[in-house]
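Given these sequences and hints, build the entire structure.
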Amino acid sequence: MLPFGADVFFFVFEQYNHAIWPAQVVAYVLGLLVLGAAMRPFPGSGRLVGAVLALAWLWNGIAYHVMHFAGINFWAYGFGALFVIQGLLFAWTAARGRLAIRFAPDPAGWTGLGLALFAMALYPLIGALAGHGWPRAPVFGVAPCPTTIFTWGVLLMSARMPRHLAIVPLVWSLIGGTAAFFLGVPEDLALPVAALIAIVLMLLRGRRTPAQELRSGR
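Start counting the sequence shown at 0; every next residue gets the next number (numbering that gives the first Met the number 0).
In short, the hints are calculated from the structure, not lab data. Because the structure is a prediction, the values reported are computed rather than measured. Even for Gly, the Cβ is constructed at its ideal location relative to N, Cα and C. Do not take every clue at face value.
To be verified - Computed spacing ranges between beta-carbons, pair by pair:
1. PHE3 with ARG95: 38 to 44 Å
2. ALA18 with MET38: 18 to 24 Å
3. GLU13 with LEU121: 17 to 23 Å
4. ILE71 with PRO106: 17 to 23 Å
What follows is the structure in structure tokens.
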């Protein structure tokens with residue numbers, strides 16, 4: 000059981016979305032930039048993608064979890080710490096040139112692109128159809144669950160995904176998926192599904208060489 004109901008949960012998002020506007024627009028612009036970098040890599044694209052993902056996870060950890068969600072859930076401080084850790088991991092990995100994002104027309108690549116587009120387009124549509132559209136909706140880039148789904152998508156498009164970057168998204172997929180079940184948030188039920196698919200594909204997908212990763216990520 001959760002210490003709050005769906006109405007309170009979405010009321011927090013309504014307040015949060017009003018407070019941070021127009022950060023949602025910026026998040027979508029950055030998301031499109033990430034997808035563009037994945038489809039057409041360029042020198043430094045890996046670092047750019049890592050910086051955007053680092054910013055998104057840090058924002059969610061501090062601005063959402065600590066500054067808003069903690070008002071109704073004490074555990075949000077711990078969630079915020081997890082998101083900050085993930086943001087720092089993305090920043091550290093990208094700064095070292097160890098993140099190479101390049102779309103490949105294979106099952107992992109297409110699934111990754113599909114998950115990223117789901118987080119940006121279908122996720123809010125499902126929420127609106129379920130009765131919690133704007134401004135009560137979790138929004139990609141500034142809300143934890145769609146950001147995590149998008150992250151799974153980007154990681155699936157990586158040339159050689161550092162496994163340490165999958166730990167926190169996996170933990171949050173389990174937490175968010177469980178909360179979605181109790182709160183009746185259908186779009187968030189995609190979280191554990193996305194995590195399962197991503198982990199399986201990451202294990203099955205052939206790894207590129209470190210040299211290829213570095214060349215595509217610089």
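| Of the hints stated earlier, which fail here? | 2 and 4
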